[in-house]
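Whole structure, please, built from the sequences with the hints as guidance.
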Amino acid sequence: MNKGIHAGLLVTLFLAINSFSAKPSRSVGEEQVSGWPTNTIKSLDYGVLLEVEGFGSRIDGQNESDLVVATVAFDLEMAINDWMLGHVGVLWEQDSREDDNIDEAYLAFGASETIPFYLVLGRFYQPVGNFESAFISDPLTLELMEMNRTAGMVGYANSVIDLSAGAFNGDTKKGTAAGDGGDPTISDFFASVALTPVEQIKVGAYWLSDLMETYNYGNLGEDIADQPGYEKVGAAGIYANAYLGRLTLNAEFASALDDYMLGGGRYRPMAYSLEGSFAVHEKVAVGLKYEASEDLYAAYDRSLAQYGDKLPGRAYGAVVAYQFVEYASVAAEYMHLEKLENDARGDLVTVQFGLEF
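Residue 1 is where the sequence shown starts when you use the numbering used here, and the numbers rise one by one after that.
Be aware that one or more of the hints could be misleading.
Distance condition first, Cα-Cα at most 16 Å in a straight line; then the derived EDC-like pairs of lysine to aspartate or glutamate [claimed, not checked]:
(1) Lys-339 with Glu-294
(2) Lys-174 with Asp-226
(3) Lys-310 with Asp-82
(4) Lys-232 with Asp-138
(5) Lys-339 with Asp-60
(6) Lys-310 with Glu-338
(7) Lys-174 with Glu-222
(8) Lys-232 with Glu-199
(9) Lys-283 with Glu-338
(10) Lys-310 with Glu-341
(11) Lys-339 with Glu-326
(12) Lys-202 with Asp-226
(13) Lys-310 with Glu-326
(14) Lys-339 with Asp-309
(15) Lys-42 with Asp-82
(16) Lys-202 with Asp-162
(17) Lys-339 with Asp-295
(18) Lys-174 with Asp-82
(19) Lys-174 with Asp-223
(20) Lys-310 with Asp-258
(21) Lys-42 with Asp-95
(22) Lys-232 with Asp-259
Pair by pair, the computed Cβ-Cβ distance ranges are [said to hold, decoys possible]:
(23) Asn-169 with Phe-109: 34 to 42 Å
(24) Val-198 with Gln-62: 42 to 50 Å
(25) Leu-119 with Tyr-290: 33 to 41 Å
(26) Ala-305 with Gln-62: 24 to 32 Å
By construction, these hints were calculated from the structure, which means they are not laboratory data. Even glycine gets a Cβ: it sits at the ideal position worked out from N, Cα and C.
Put into C-alpha cells, the structure is as follows:
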C-alpha cells in the first residue's frame, strides 16, 4: 500500500454518507491552543491514522497470505494567519515506507478569501492525479502517476477553478545510474487544472514533464536513464468525479505521451480506472471497480535490458465497508487480477481495520 495523507489518496474510513474518503481532523481554535502563543497561531489541526490489513491471494496457482501494519500516519497543520500555514506529515508502511518517513513537510502562502493566489514550498504530493477511490487497494492510475517530491508550486484557486504549476529537481537523469549524480539542476515540471462547475461535479487534467519521476517508475528511471535509446517522456491525465447523493462515480485516465524505445521494445505506460460507490446506510458503503493498464511495470533488468514485474493489465472487484464505531471501520475487498507478469491471473482478498481521528 503506497498511500500518504493526501486528499483522495487515503481511503480508509467511510465516515460520510456521500464520500468514502472523508478524513476528519481535530482542530483547536486560537483561544484553545494551550501552551502556544495564541496571538500568533490561528489554528492547529492534526490527524492520526492506523491501518492493519490481512490478505490472501492465489496468483497463477501460487497461494500467499500475510498480516501487515499497512499504515501508521500522523498529520499536523498549523496556520499562522489566513494566508500562511505549515504542514508536516509522517508516514510508516510495513515493507514499503519503513525508512523514509517524512511524507510531507511544506509551507503554504495565500489561498485565502482575500488572496486567491498561492505558493507552496517543500515536500508534498504533486497534483498529477486525482486517485479518488473507495477501495483498499490503490488504483492503477496511482501506481502510474503518484509522486511526492520537494518542489515549488504556484497557483490560483477559487470556488470554481484551481490552476497550478511547479518545478523540482528530479532523479532520472543521464549518468544517475553510473553514479555521477546526473545533472544537478531543476529541470522537471508539472501543471494541473481542476474545475468544479457545480458542487456535485469535479473534473481536471494534469501534465508531468517526465513519467520516470513518479513513485512507481522512480527506481526504474535511475536504472534506465543511461541506457542506449532512452529519451525523456512526459505524461498526462484527466479525471472526473460525480457526487450524486448516496452515489459517487470516479473515472481517471493517465498515459505517457510517447513511446520508450528500450532493448528493442516499445513501451507506452498507461492506466485507467472506473469506479462507483454507494452508501446503502449511514454506516455501510459498497463499491465496484474496473481498471486496466498497459506497460505498467515495477522493475527493470539491466542485464536483459527489459522491464519486469508487471502490474495487472486488467482488474475488477468489489468492496464493502462498515463504520462500527466512531473513528473506526472495517472493510473487505475482492479483486480479480488479469494480465500480470507472463499473462498470469489470480484473485486477491483483503480485509482492513482502520482507526482515524
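Hint by hint, here is what the structure shows:
no., hint, in the structure
1, Lys-339 with Glu-294, "holds (9 Å)"
2, Lys-174 with Asp-226, "holds (5 Å)"
3, Lys-310 with Asp-82, "violated (46 Å)"
4, Lys-232 with Asp-138, "violated (26 Å)"
5, Lys-339 with Asp-60, "holds (11 Å)"
6, Lys-310 with Glu-338, "holds (11 Å)"
7, Lys-174 with Glu-222, "holds (9 Å)"
8, Lys-232 with Glu-199, "violated (38 Å)"
9, Lys-283 with Glu-338, "violated (32 Å)"
10, Lys-310 with Glu-341, "holds (5 Å)"
11, Lys-339 with Glu-326, "violated (40 Å)"
12, Lys-202 with Asp-226, "violated (40 Å)"
13, Lys-310 with Glu-326, "violated (39 Å)"
14, Lys-339 with Asp-309, "holds (11 Å)"
15, Lys-42 with Asp-82, "holds (8 Å)"
16, Lys-202 with Asp-162, "holds (11 Å)"
17, Lys-339 with Asp-295, "holds (11 Å)"
18, Lys-174 with Asp-82, "violated (43 Å)"
19, Lys-174 with Asp-223, "holds (10 Å)"
20, Lys-310 with Asp-258, "violated (19 Å)"
21, Lys-42 with Asp-95, "violated (38 Å)"
22, Lys-232 with Asp-259, "holds (10 Å)"
23, Asn-169 with Phe-109: 34 to 42 Å, "violated (21 Å)"
24, Val-198 with Gln-62: 42 to 50 Å, "holds (48 Å)"
25, Leu-119 with Tyr-290: 33 to 41 Å, "holds (39 Å)"
26, Ala-305 with Gln-62: 24 to 32 Å, "holds (27 Å)"
Hint compliance for this structure: hints 3, 4, 8, 9, 11, 12, 13, 18, 20, 21 and 23 are not met, and every other hint is.
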